[in-house]
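J.: Residues per chain are reported as follows:
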Amino acid sequence: MTVPTNPSPDLATPSATASAPLLTSTSSRLTQVLGIGWAISVVLVVCAAFWWSEPDATQGELVRLFYLHVPLAILEYVPFLLCGIGSVLFLWKRSEWGDLMAHAGAEVGVVMCALTLVTGAVWGRPTWGTYWDWSDVRLVTTLILCLLFVGYLALRRVPGDPTTRAKQAAIVALVALIDIPLINRSVEWWENRTLHQKGTIAQGKIEDINAFATLLGFIMVGLGIAFLMTHRFRIAWLERQVDRVGLDDAIAHRRAEAATGVDASVGRTPEEGGQQ
Amino acid sequence: MSYVIAGWVIGLSALGAYAFALLARGRRLSRLVAPDRQRWSTTRADTPTGR
Chain A
19 MTVPTNPSPD
29 LATPSATASA
39 PLLTSTSSRL
49 TQVLGIGWAI
59 SVVLVVCAAF
69 WWSEPDATQG
79 ELVRLFYLHV
89 PLAILEYVPF
99 LLCGIGSVLF
109 LWKRSEWGDL
119 MAHAGAEVGV
129 VMCALTLVTG
139 AVWGRPTWGT
149 YWDWSDVRLV
159 TTLILCLLFV
169 GYLALRRVPG
179 DPTTRAKQAA
189 IVALVALIDI
199 PLINRSVEWW
209 ENRTLHQKGT
219 IAQGKIEDIN
229 AFATLLGFIM
239 VGLGIAFLMT
249 HRFRIAWLER
259 QVDRVGLDDA
269 IAHRRAEAAT
279 GVDASVGRTP
289 EEGGQQ
Chain B
146 MSYVIAGWVI
156 GLSALGAYAF
166 ALLARGRRLS
176 RLVAPDRQRW
186 STTRADTPTG
196 R
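Order-wise, the sequence lines are chains A and B.
Quick note on our numbering: the first sequence kicks off at 19 and runs consecutively.
Quick note on our numbering: the second sequence kicks off at 146 and runs consecutively.
Don't read these hints as lab results, they were simulated from the structure.
There may be inaccurate statements among the hints.
To be verified - Simulated coverage check for chain B against chain A, where a stretch passes if three residues somewhere in it have a Cβ under 8 angstroms from a Cβ of chain A:
hint, segment
1, 149 to 162
2, 165 to 171
3, 175 to 181
Positions of the beta carbon are idealized from the N, C-alpha and C atoms, including for glycine.
So that you can see chain B by itself, here it is in the shape it has in the complex (with noise of 0.2 angstroms):
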């Protein structure tokens, strides 16, 4: 059972830590970037149309 447990710990804390690795990777060059080029971050409020 320590097998199963160390794999799926291993795997896990891989996933989660790559995850957030990425998440700030994203928010440190984000902040580099104009909003306007970056179009996944458009909200309702931000088109003019309110799309």
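The shape of chain A in the complex, shown without the other chains (with noise of 0.2 angstroms):
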């Protein structure tokens, strides 16, 4: 991104900024409530996890862990999801909004699986005795998942022409994702290849106070998601109206430099034009 040395018209000056310091950020009533609505669930997910949840018959304390891990695992998918839709409304509609919803998704996305993939080998190294294990199809899938959209954001960072990068980077979205099923399925598909269990959730079986807990987690990370996706989408769009500005003000100045040129030409005589 470049930011403009010049400041034009339509940049914020500090004097309209200074009275309305709500419009100095990416703030608004919305982000509010659910950045406090996170916040709450934050506090009772780790009170649920902690004190009130009972240690489980066959994982013990570490269930206490599951709150965080399972959601994180589970709700990593709607981010990327969100960058996928964006991406087809990108390359079907030309859509700007789509685009910048892509590139928010996968920033959310990327933290939510880098997340899933620390807090599962913390869990993995009392209950398997490894915190990594690379014949594990589910780790290793969630591990491409992670780096594919690592490389997306890389793709975003590339100089060039804006449009041709974001049609880049909504194939390589789209191609990305079909990680997600293997993932999904990598515990049916390859049965012996995994320290996973089967879908516990699916299945019924967590029960009472574990299954609240398990719930306010889902609702934790949730909240968190909305929260960081909607400021992320406005700070991708805050890039595009600077880099837009930065544009604009360029044009304008060689514009400019065009009309002084032609000016400056302007009764000479054709020895001096000719001597330039």
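Assembly of the complex is requested from the two constituent chains, each provided in isolation within its own frame, with the hints serving as guidance.
T.: Next up, the structure:
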């Protein structure tokens, strides 16, 4: 992103923003409600995980980390799917909104995916005796998803024509999304090549207070994704505006230069013009 | 139990750090863009119709 050094009338001046503090951020009433809801849900989940819920018959105390890891692992798909929807909208309708949503979804998704891997590794060490197992298909496919979208974000930073770059990024995103059903179905398709158990939630094996803690975990992660996605989308919008204003300034500057050149040549004799 | 605490501390701190980084980035960028180009910041007093 290029930040223009020559402020234009379109750029906000300090005096304009000083009188309206709310205008100097990506916050709005929506994000304030989401942020407060997220903070409250974090407190509730921590209470549920560490004080209200009981140790599991199989996992013991380690089940308390599941209230964070499982919602992260399942809801990490949401920002990636939003990225996919945005990419389709861009490729199909050339929707700028879709392109921005795709960018925001990819970044938030990478954060969620990385946290899924880290919290899973921390849980795996006392349970499986290892932080990581390269033969576990679910682990490896999740890592691949994370790396594919890191590549997507790197591609978005490559200098060049923004439309071409957005088109290439959208195609990469759609290809990367093929990995999601592989992750989701891996414990069934490669039953003997995974340390993960089959869907515990889908089979209704969680009950009572543990189910309530899991539900709170999903609400917490869901609110977090909504909060982060909204802010990230607005940042992408602002970056686009700054780039656009910078481009407008550059064009205006070149036009002014060209006009000055024409003015300077008016009134010159052919000899003077020819000496240049 | 130490693994459980470590997992929660890493998870929540990373999410919090990312959220604060986003807010700071948004605040910095918002100063460069005119308020009328930030549609989410429109308040009742800002709109001519009072909506």
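J.: Work down the list of hints and note, for each, if the structure agrees.
T.: Now the hints, each set against the structure:
Residue count for the segment 149 to 162 of chain B with a Cβ under 8 angstroms from a Cβ of chain A: 9. That meets the three needed, and the coverage hint holds. Coverage of a stretch by a chain is defined here by at least three residues with a beta carbon nearer than 8 angstroms to that chain's beta carbons; for the segment 165 to 171 of chain B and chain A the count is 4, and the condition holds. With 6 residues having a beta carbon nearer than 8 angstroms to a beta carbon of chain A, the segment 175 to 181 of chain B meets the requirement of three or more and the stated coverage holds.
Going down the numbered hints, you'll see the structure goes against none, and every one checks out.
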